[in-house]
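Chains A and B, in that order, give the protein sequences.
Going letter by letter, the first sequence gives residues 1 to 329 in the working numbering.
Going letter by letter, the second sequence gives residues 1 to 265 in the working numbering.
The set of hints was computed from the structure by calculation and includes no laboratory data.
For every residue, glycine included, the Cβ atom is placed at its ideal position computed from N, Cα and C.
Incorrect hints may appear among the rest.
The list that follows gives simulated cross-link-like pairs (lysine-lysine, BS3-like), each with its CA atoms no further than 30 Å apart [stated by the list, open to error]:
#, chain 1, residue 1, chain 2, residue 2
1, A, LYS295, B, LYS198
2, A, LYS327, A, LYS288
3, B, LYS206, A, LYS327
4, A, LYS224, A, LYS328
5, A, LYS224, A, LYS288
6, A, LYS327, A, LYS295
7, A, LYS90, A, LYS117
8, A, LYS288, B, LYS205
9, B, LYS198, A, LYS328
10, A, LYS288, A, LYS328
11, A, LYS224, A, LYS327
12, A, LYS224, B, LYS244
13, A, LYS117, A, LYS224
14, A, LYS295, A, LYS328
Here are some chain B residues the structure puts well away from chain A; computed CB gaps all over 10 Å [what the hints assert, rightly or not]:
#, residue
15, GLY31
16, ALA40
17, SER55
18, ALA76
19, ASP102
20, GLY160
Selected chain A positions facing chain B (Cβ under 10 Å, derived; list incomplete) [as the list claims (entries may be wrong)]:
#, residue
21, SER70
22, ALA71
23, ILE103
24, THR190
25, SER193
26, PHE194
27, GLU195
28, ASP233
29, SER234
30, ARG243
31, GLN256
32, ASP312
33, VAL317
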Amino acid sequence: MNYPDDAVLVLLDLTPAGELHSGAAGLLGAAAALGSPVALVVTDPASGGRAAAADAAAGLGAVRTLVAESADMGRALTVPAVDALAAAAKLVGPEVVLVSHSIEGREVAARFAARAKAALALDAVGVTRDEEGVVVRHSAFGGAYETESAASFGTLVATIRPGAIEERGEDRPAAAETLTVEPSGLPATTIASFEGRAETSSRPALREAGTVVSFGVALGSPDKLALIEELADSLDAALGASRAAVDEGYAPQSWQVGQTGVSVSPDLYLAVGISGAIQHRVGMQTAKTIVAINKDPEAPIFDIADFGVVGDQFAIVPQLTEAIRAKKA
Amino acid sequence: MSSLSEPLRIAVLVKEVPDTYGERHLDLETGLVDRAASDAVLDEIGGRALEAAVSHAEANAGTEVVALTVGPESAAEALREALAIGADRAVHVTDPQLGGADLGLTAEVLAAAVERLDADLVLAGNQSTDGLGGVIPAMLAELLGRPQATNLDAIGIGAGEVCGTRASDHGTMVVRASLPAVASITDRLPDPRFPSFKSTSAAKKKPIETLAAADLGVAVEDPAAPRSILISVAARPPRAGGMKIDDEGDGGTRIAEFLAQNRLV
Ligand SMILES: Cc1cc2nc3c(=O)[nH]c(=O)nc-3n(C[C@H](O)[C@H](O)[C@H](O)COP(=O)(O)OP(=O)(O)OC[C@H]3O[C@@H](n4cnc5c(N)ncnc54)[C@H](O)[C@@H]3O)c2cc1C
Numbered sequence: 001m002n003y004p005d006d007a008v009l010v011l012l013d014l015t016p017a018g019e020l021h022s023g024a025a026g027l028l029g030a031a032a033a034l035g036s037p038v039a040l041v042v043t044d045p046a047s048g049g050r051a052a053a054a055d056a057a058a059g060l061g062a063v064r065t066l067v068a069e070s071a072d073m074g075r076a077l078t079v080p081a082v083d084a085l086a087a088a089a090k091l092v093g094p095e096v097v098l099v100s101h102s103i104e105g106r107e108v109a110a111r112f113a114a115r116a117k118a119a120l121a122l123d124a125v126g127v128t129r130d131e132e133g134v135v136v137r138h139s140a141f142g143g144a145y146e147t148e149s150a151a152s153f154g155t156l157v158a159t160i161r162p163g164a165i166e167e168r169g170e171d172r173p174a175a176a177e178t179l180t181v182e183p184s185g186l187p188a189t190t191i192a193s194f195e196g197r198a199e200t201s202s203r204p205a206l207r208e209a210g211t212v213v214s215f216g217v218a219l220g221s222p223d224k225l226a227l228i229e230e231l232a233d234s235l236d237a238a239l240g241a242s243r244a245a246v247d248e249g250y251a252p253q254s255w256q257v258g259q260t261g262v263s264v265s266p267d268l269y270l271a272v273g274i275s276g277a278i279q280h281r282v283g284m285q286t287a288k289t290i291v292a293i294n295k296d297p298e299a300p301i302f303d304i305a306d307f308g309v310v311g312d313q314f315a316i317v318p319q320l321t322e323a324i325r326a327k328k329a
Numbered sequence: 001m002s003s004l005s006e007p008l009r010i011a012v013l014v015k016e017v018p019d020t021y022g023e024r025h026l027d028l029e030t031g032l033v034d035r036a037a038s039d040a041v042l043d044e045i046g047g048r049a050l051e052a053a054v055s056h057a058e059a060n061a062g063t064e065v066v067a068l069t070v071g072p073e074s075a076a077e078a079l080r081e082a083l084a085i086g087a088d089r090a091v092h093v094t095d096p097q098l099g100g101a102d103l104g105l106t107a108e109v110l111a112a113a114v115e116r117l118d119a120d121l122v123l124a125g126n127q128s129t130d131g132l133g134g135v136i137p138a139m140l141a142e143l144l145g146r147p148q149a150t151n152l153d154a155i156g157i158g159a160g161e162v163c164g165t166r167a168s169d170h171g172t173m174v175v176r177a178s179l180p181a182v183a184s185i186t187d188r189l190p191d192p193r194f195p196s197f198k199s200t201s202a203a204k205k206k207p208i209e210t211l212a213a214a215d216l217g218v219a220v221e222d223p224a225a226p227r228s229i230l231i232s233v234a235a236r237p238p239r240a241g242g243m244k245i246d247d248e249g250d251g252g253t254r255i256a257e258f259l260a261q262n263r264l265v
């Protein structure tokens with residue numbers, strides 16, 4: 001089988017239900033801007049949905065989808081996906097390999113780069129091509145700096161920040177094929193059990209949401225969460241939180257925005273009772289519009305907010321939710 | 001390599017980073033972190049990894065905890081802090097040729113240092129606060145041919161294995177890896193203890209071994225090795241604040257109006 005000379009190999013994450021992860025559109029969009037996207041999905045033979053995943057990948061721009069089956073997928077950590085990626089790269093001979101900068105994705109990319117002795121660029125917010133080759137854009141220190149990197153030569157492996165790419169690939173006819181993988185036999189960590197995160201609602205994913213409503217430790221009690229949830233739902237927003245709120249158990253870790261949590265760049269970021277510590281700001285200051293509610297007029301969040309209200313969140317939030325509902329009605 | 005009952009040697013990866021409470025800068029010429037422009041501190045997440053190793057050592061006599069860093073000469077300060085928290089000794093790989101090392105080269109150097117130390121367990125933070133890449137532990141595992149139990153919200157170190165709960169993209173996993181292994185922890189683990197005066201002075205007597213890349217047999221300028229290179233760096237103008245009003249009973253309504261004017265609802 002021949003593969004295009006300008007093939008860009010894209011590893012696509014699957015959800016536990018076997019569907020393409022929502023970040024696939026951005027990954028394939030980034031790949032389409034560089035060349036011909038060849039997708040790779042790695043599944044456990046017992047799980048269904050392979051054909052559907054391949055169709056979905058084609059719909060997002062993949063010219064071909066390789067489906068690797070590994071009985072170890074879901075039982076052994078990272079290594080089965082690295083083995084599949086190595087087999088796919090050997091077959092396709094890509095100039096660029098793109099992987100999501102998700103927790104699972106970035107480790108697969110990194111181990112693959114270490115194995116293939118390829119240059120590795122992380123957490124890209126953009127990829128472009130100039131006369132000399134592929135250029136990767138990064139955003140450092142919470143958007144305070146923009147840097148560009150490239151591989152000195154050889155295949156470039158890049159991880160893409162979820163939600164950062166707006167380009168989309170064009171719909172293509174489905175073309176799936178099975179990829180045979182020779183296991184490396186490297187020792188891997190055993191996954192003894194997995195507990196999926198209960199998706200409590202139909203809220204958008206934090207990393208990709210257009211609007212994020214975040215709250216801080218001043219919420220004071222998990223019972224008060226409903227107040228914030230109602231506001232978020234009135235705006236179809238994802239929920240975010242400060243580390244202090246996560247530490248108190250008001251929010252799961254996956255909601256944490258900031259340096260040691262998730263970085264977001266939504267159209268609107270609404271910070272409710274968040275002081276705006278630098279470690280929080282680096283995770284959200286690239287939002288297009290920032291609105292803050294804080295009772296302390298000196299809170300640093302106001303230094304970066306486009307619109308700030310000094311006052312009590314418990315009075316302002318319910319009124320805001322009502323006003324938004326009224327505007328939408 | 002140790003058998004089940006033998007005491008472990010744990011190498012904890014620590015790093016000197018610019019203090020995140022201050023402004024952090026990139027040098028606009030080299031694109032590297034401008035270490036002179038901010039205070040340097042022991043990375044918080046490395047401190048948590050160290051705490052996990054030291055508390056294991058306290059409960060398991062004979063365990064040796066070695067703090068390991070690759071960094072400039074000034075990183076010796078971070079190692080002293082690690083020794084004060086409770087590491088038994090430290091290894092400092094420092095080499096002017098390693099300034100600006102990419103991830104691949106950094107991982108190679110660390111892998112060589114871990115092999116030289118013959119450490120049963122490598123313990124690290126899930127991601128450093130300046131690089132935020134979050135991949136060095138995985139790369140080390142690949143180069144060392146070891147399993148990688150990474151991004152752990154809780155960790156157990158026991159009979160020939162390391163286990164814990166891994167915070168993953170779609171949920172939580174319980175994972176287990178046989179030693180020798182590489183593990184990394186998240187900021188769900190406790191802060192390091194505050195070193196006492198006594199432990200700080202004791203730390204001054206603990207050994208720090210200094211090595212260059214050549215001592216580890218790593219060829220820094222290997223023409224056959226592709227590297228990731230920085231080609232440009234630009235500072236973005238800082239974000240400015242906009243309008244700030246006091247809530248006079250209509251704060252919520254005013255925000256809704258602002259959102260409507262800006263087509264955000
Ligand atoms: C290495 C490192 C990494 C970190 N990573 C992160 C990270 O990823 N994310 C993160 O968020 N933090 C992070 N932090 C922690 C960060 O420094 C702050 O401690 C944290 O962001 C503070 O959270 P907060 O705003 O909820 O709490 P606080 O700073 O305590 O602020 C509470 C705010 O609530 C306001 N308030 C109180 N009551 C009301 C009310 N009724 N109405 C309106 N406002 C009210 C107060 O005025 C105050 O501004 C990190 C720290 C370090 C050292």
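Does LYS328/A lie within 30 Å of LYS224/A when you go C-alpha to C-alpha? The hint holds at about 24 Å.
Non-interface label on ALA40/B, tested against every C-beta of chain A at 10 Å: Non-interface label on ALA40/B holds, nearest chain A Cβ at 15 Å vs cutoff 10 Å.
When you check the alpha-carbon spacing of LYS206/B and LYS327/A, does it fall within 30 Å? Cα-Cα ~67 Å, so violated.
Given the hint that LYS224/A pairs with LYS288/A, test it: the Cα-Cα distance must not exceed 30 Å. 28 Å, holds
Next pair to validate is LYS198/B with LYS328/A; report whether the Cα-Cα distance is within 30 Å. It is violated: about 64 Å lies between the C-alpha atoms, which goes past 30 Å.
Taking 30 Å as the top limit, are the C-alpha atoms of LYS90/A and LYS117/A close enough? 13 Å, holds
Does the CB of ALA71/A sit less than 10 Å away from some CB of chain B? 18 Å, violated
Interface restraint verdict for SER70/A against chain B (beta-carbon cut-off 10 Å): 16 Å, violated
Restraint status (C-alpha distance of LYS295/A to LYS198/B at most 30 Å): 43 Å, violated
Just to be careful, I want the Cα atoms of LYS224/A and LYS327/A compared with a cutoff of 30 Å; is the pair within it? Holds - the C-alpha atoms of LYS327/A and LYS224/A are around 24 Å apart, at most 30 Å.
Would the hint on GLU195/A stand, with a C-beta cut-off of 10 Å toward chain B? 5 Å, holds
Taking the least C-beta to C-beta distance, is PHE194/A closer than 10 Å to chain B? 5 Å, holds
In this structure, the hints that do not hold are numbers 1, 3, 8, 9, 13, 15, 19, 21, 22, 28, in rising order.
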